[in-house]
Amino acid sequence: MHELSVTESVLEIACKHAEKAQAKKVTDIYLVIGKLSSIVDDSVQFYWDFISEGTLCEEATLHFKRISAELVCLDCDHKYTLDDELTPCPQCGSARIRVISGDEFNLESIEVQK
Amino acid sequence: MSKNRIKIVEKILNANDRLAKANRQKFDDAGVYTINLMASPGAGKTSLIIKTIEGLIADGVQIGVIEGDTAPVTIDSDKINAAGMPAVQINTGGECHLDAVMLETAIDQMDLTPLDLVIVENVGNLICPAAFELGTHSKVVVASIPEGDDKPYKYPNIYRGLDVLIINKTDLLPYIDFDMDYFRQGVEMLNPGLTTFTVSCKTGEGLDGWLEWLKARISK
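Quick mapping for you: the protein sequence lines, in order, are chains A and H.
With the numbering used here, letter number 59 in the first sequence gets 59, and the count goes up by one each step, no holes.
Take the position in the second sequence, starting the count at 1, then add 114; the result is the number in the numbering used here.
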């Protein structure tokens, strides 16, 4: 579990951009997390409440947008969504696949009061 | 008071990635080849390092080891020192992985000048180390037979973005239900054509291929 270091990075990025915009307060933080990025929302929220105290981001609400992991079969071009377990192509059975999305781990935007 | 939406789109681990690049520069400046060695606890990371030191010592290869441990226990670094090579220990203070900041601290404690190769032994864990770039030239995972053949399916991330896979403890194959084809199919889905060595650190079988791979990458 590395949620603490991740939460610290979120705080650092959000504060940096809020200061640049000369904001008085950050009210909302929007995160985009791909399925292949292992992170537990509740755990981030837990740390957040502690480490954001006394910063521009204090009491800001964290919003998590989850993105599914999409795979493409390199043999038949079939696209499918990764379930909890990795499987070969459901259409042709090939194990030659590539991950198209699911690695996202971004801070997409913040909402601030000026 | 007005409310504004500020678009950012920044990778959350951006700061780590930047520091990882700085680490890489330090290694390149010193002419040292570096490896991030990852595995679950007990897969044989330290055994592989010891065998690597023993296997390359005759060629005069100087190896430094950076040991990531969650607790201040020096068992691993003591073994490295006993094998005649310098080791720096990073105590992660309970953290489940090494990150670029921790590695930077360790690099500063190690004289890179005489070294040809630095092996960074990550914390034993198949999940978190996969998320943090350290700045090493390559990433190597040690899988081992007793862990079971389903690991690529359960921990897909560690097998992606990997340069070499070492399957250790092949001497145990007769005693354990480990379907090598099933295991390899999982790896192939995540990392097609991955360079793989099947070895036994206990008997020494298969280690030659790994040592040759390393020698080809050590420039000095």
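Keep in mind the hints are simulated off the structure, nothing from the lab.
Some clues are possibly wrong.
What the hints assert, rightly or not - With a straight-line cut-off of 30 angstroms between C-alpha atoms, the simulated BS3-like cross-links for lysine-lysine are: (1) K135(H) x K114(A); (2) K24(A) x K79(A); (3) K121(H) x K35(A); (4) K25(A) x K125(H); (5) K20(A) x K329(H); (6) K316(H) x K16(A).
What the hints assert, rightly or not - Pulled from the structure, derived: some chain A residues nowhere near chain H, Cβ distances all over 10 angstroms: (7) S37; (8) Q45; (9) E58; (10) K65; (11) D77; (12) I110.
Idealized CB from N, CA, C, for every residue including glycine.
Minimum Cβ-Cβ distance from I110(A) to chain H exceeds 10 angstroms
It is violated; I110(A) is separated from chain H by about 5 angstroms at its closest Cβ, not greater than 10 angstroms.
Non-interface claim for S37(A) versus chain H (Cβ beyond 10 angstroms)
violated, 7 angstroms
Do the alpha carbons of K25(A) and K125(H) lie within 30 angstroms of each other, as the hint requires?
holds, 22 angstroms
Say whether it holds or is violated: E58(A) keeps its Cβ farther than 10 angstroms from all Cβ of chain H.
Holds, because the least Cβ-Cβ distance between E58(A) and chain H comes to about 16 angstroms, which exceeds 10 angstroms.
Under the criterion that the straight-line Cα-Cα distance not exceed 30 angstroms, is the pair K316(H), K16(A) satisfied?
violated, 51 angstroms
Confirm or reject the statement that K65(A) sits farther than 10 angstroms, beta carbon to beta carbon, from all of chain H.
Consistent with the label, K65(A) stays out of reach of chain H, its closest Cβ about 12 angstroms off (over 10 angstroms).
Between K24(A) and K79(A), is the straight-line Cα distance small enough, at 30 angstroms or below?
violated, 45 angstroms
Given the hint that K121(H) pairs with K35(A), test it: the Cα-Cα distance must not exceed 30 angstroms.
Distance ~22 angstroms between K121(H) and K35(A) Cα, so the pair holds.
For Q45(A), is the shortest CB-to-CB distance to chain H above 10 angstroms, so the non-interface label stands?
holds, 15 angstroms
Would you check whether the claim that D77(A) is not at the interface survives, using Cβ distances to chain H and the 10 angstroms cut-off?
At about 16 angstroms from chain H, D77(A) clears the 10 angstroms cut-off, so the statement holds.
Check whether the Cα positions of K135(H) and K114(A) lie no farther apart than 30 angstroms.
Since the Cα atoms of K135(H) and K114(A) sit roughly 35 angstroms apart, the hinted pair is violated (cutoff 30 angstroms).
Taking 30 angstroms as the top limit, are the C-alpha atoms of K20(A) and K329(H) close enough?
Violated - the C-alpha atoms of K329(H) and K20(A) are around 49 angstroms apart, more than 30 angstroms.
Hint compliance for this structure: hints 1, 2, 5, 6, 7 and 12 are not met, and every other hint is.
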